[in-house]
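Protein chains: 2
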Amino acid sequence: MKGVQFSGVASGIKASGLDLALVYFEEPTDVAALYTRNKVKAAHILYNRKRVKGAVRALLVNAGCANACTGLEGVRDLGEIAEGLSSELGIKNDEILFASTGVIGKRLPVGKIIATLPLLRKSLREKNIEPFARAIMTTDTYPKIVQATVPGKAGGSIAGVAKGAGMMNPLFATMLSFLFTDCSVQNEQLTKLMPALGRDSFERITVDGDTSTNDTVMVFSRKRGDAVCDMAVFKEKLLNLMKDLAFLIVRDGEGATKVIHITVTGARKKEVAEKLARRISVSPLVKTAFFGCDPNWGRIIAAAGDAGVPIRPEKVEIVMQGERLALEGVEVPFSEEKLKRLMDKKEVDLVVDLHDGKAAYDLYTTDLTFDYVKINASYRS
Amino acid sequence: MKGVQFSGVASGIKASGLDLALVYFEEPTDVAALYTRNKVKAAHILYNRKRVKGAVRALLVNAGCANACTGLEGVRDLGEIAEGLSSELGIKNDEILFASTGVIGKRLPVGKIIATLPLLRKSLREKNIEPFARAIMTTDTYPKIVQATVPGKAGGSIAGVAKGAGMMNPLFATMLSFLFTDCSVQNEQLTKLMPALGRDSFERITVDGDTSTNDTVMVFSRKRGDAVCDMAVFKEKLLNLMKDLAFLIVRDGEGATKVIHITVTGARKKEVAEKLARRISVSPLVKTAFFGCDPNWGRIIAAAGDAGVPIRPEKVEIVMQGERLALEGVEVPFSEEKLKRLMDKKEVDLVVDLHDGKAAYDLYTTDLTFDYVKINASYRS
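Here the protein sequences come in this chain order: A and B.
Last residue of the first sequence: 396 (the working numbering), numbering continuous.
Last residue of the second sequence: 396 (the working numbering), numbering continuous.
Rather than coming from a laboratory, the hints here were simulated on the basis of the structure.
Keep in mind that a hint or two might mislead.
Stated by the list, open to error - Facing chain B, according to a computed beta carbon distance under 7 angstroms, are these residues of chain A, among others:
1. Gly86
2. Asp223
3. Asp225
4. Thr226
5. Thr228
6. Ser298
7. Thr303
8. Gly313
9. Ala317
10. Gly320
11. Ile326
12. Pro328
13. Glu346
14. Val388
15. Ala392
16. Ser393
Treat the numbers as computed from the prediction; the structure is a model and nothing was measured.
Every residue, glycine too, gets a C-beta built ideally from N, C-alpha and C.
Working from the sequences, and respecting the hints, build out all of it.
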């Protein structure tokens, strides 16, 4: 994107590979952000929130170290890095934002990072969005980049990158996502929109139900004067890109063999549908059954009964990949063999209809596999 | 126990092995029970609750089929079996209780069960508590039996059995536990005590956080006239046996290599401590780290931060097997090698001290292993 330069290099935070990423904005750029709801928040979130509000010129992201649970020292480390980066780029300290991902409880290697800043600056290019996307990965299996154009008087564009800690622990440590646009959108308007955009994209995915200390979504808008975009169209395009990034993250979920699209419908309230969908999506018994391609609807309805919201089991209908497994709370005859084949796919569709109202909620999750255990039992060691 | 006869036989509900168990009380016997809080309840719970209150003479338990989500038919099936059993034993229909465990959504094979009742009756013996305990197992790896004597004027005794669906899905489908005593205790008093006894025993264990549709705890008291026990002593003995059974269940948790004793202390309220302990105990990231003997305290504090209750991360202390990992929310130096050795045990102790008050809560859970996935991805098939 014109006026937005990216770079991604290796600084030695990780044992090998790219781990330090920079975005440099040639002009002051507005930013709207969402951060984790976890009560334990990473240093970069505490730091960014303390920053004087206003336009920014740079975003520095590191992988390999979450800089979470590092106390005041963790925040001061970022202040020290900001000193170095501002003088390297010739910008002000408070025009810099940070984001981190990786192991919780370890301090950043400040010396290594500061020593790498000149290389990081020299590598800045408008076209370098891919090295940037690669340098924020932990063990994601692919970089996650999306782009869209927004029609308008002159038209604008949006680009986005994300990392899901794919093979590690998405939504936990850490989901990061950055989007960039040159559309002339009002930042206050965008800031107000952010919670709703997040709710309908990143909050619709879950891998292990563990909320990160580092989760961060930022939208940078650099306002190319001539790119005047219709706000409604811009919003729709932005939301779609966020959904695309969220799907890329869940598809790359730790050890996952499939993505499961869970829809709870026929609820009296959306909140009820959401609670049920979330409860089903984190049940290890449901998730292992999906891994085994087992149409074990009993585990699904039992998880629903355990969601802490009232349901009427005798009304529940369960449909897997278009095939009905249960109606009015009891099993209907189905071919186990056929269902096993239907479930042996990269994407599996599950609908739980409560037949009790008109509200619905849907989200995406993964199956629970041997590789999930392998990855997470050996992380750090 | 005198006057209480047990039997356990194979009826063909499961492909092989014991699957049908009977307790016959020579005299009318009082019963106090706890059932699952899952909104979806198995047929035996619906049936038992409809029964006219009063003393009972028999309990029939089957493994291999949960008889849950089977609608009115599932309850009627039990009525039909009660007809057969009452005539076989020469007792009344409403003196019979039922309990089931196994796969959800399938009907009981009523014909097979009724055909097996004569054999079941002929096998009744006071000493047959072990075949009984074996016949209620699904894939538990050992029968779970406990006994205690209660001092008093003449003294009495308590015996208990449980099944945890050890290798399958404890607390889900299904935890069953039955206790028997000849102490002359008032049933109303016992019934009132039951919720508290359950809270401090079976509710202190979790394997996968999934609550069963079938969970059942029953205490039968046959009141030998001369066994007059002190109620306070009786209560303590009973609670200890319930705790023992609960521990036997969690130790046999699906695929588990270790039991983790989680204590959250220094909380302002017990409810806060409980929420944190439960949240930590179901985190797949925490559980896989325990499997890998990884002292990954960052995952523990992140789960705590995500429990939906206020915590002050900057005060949190984390102690594993007596070794401090974190103080005031940040890491303290520790030897990873030493911790790995300390965690490579059958029982591991974790203390999370909030340093924010005086309330505490503790529970037992298991690690999340390859075998857990193997067992649950292939259940039913």
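Against the structure, the hints come out as follows:
no. : hint   : in the structure
1   : Gly86  : 4 angstroms, holds
2   : Asp223 : 5 angstroms, holds
3   : Asp225 : 5 angstroms, holds
4   : Thr226 : 4 angstroms, holds
5   : Thr228 : 5 angstroms, holds
6   : Ser298 : 6 angstroms, holds
7   : Thr303 : 4 angstroms, holds
8   : Gly313 : 3 angstroms, holds
9   : Ala317 : 5 angstroms, holds
10  : Gly320 : 3 angstroms, holds
11  : Ile326 : 5 angstroms, holds
12  : Pro328 : 5 angstroms, holds
13  : Glu346 : 5 angstroms, holds
14  : Val388 : 5 angstroms, holds
15  : Ala392 : 3 angstroms, holds
16  : Ser393 : 6 angstroms, holds
Checked against the numbered hints given earlier, this structure breaks none of them.
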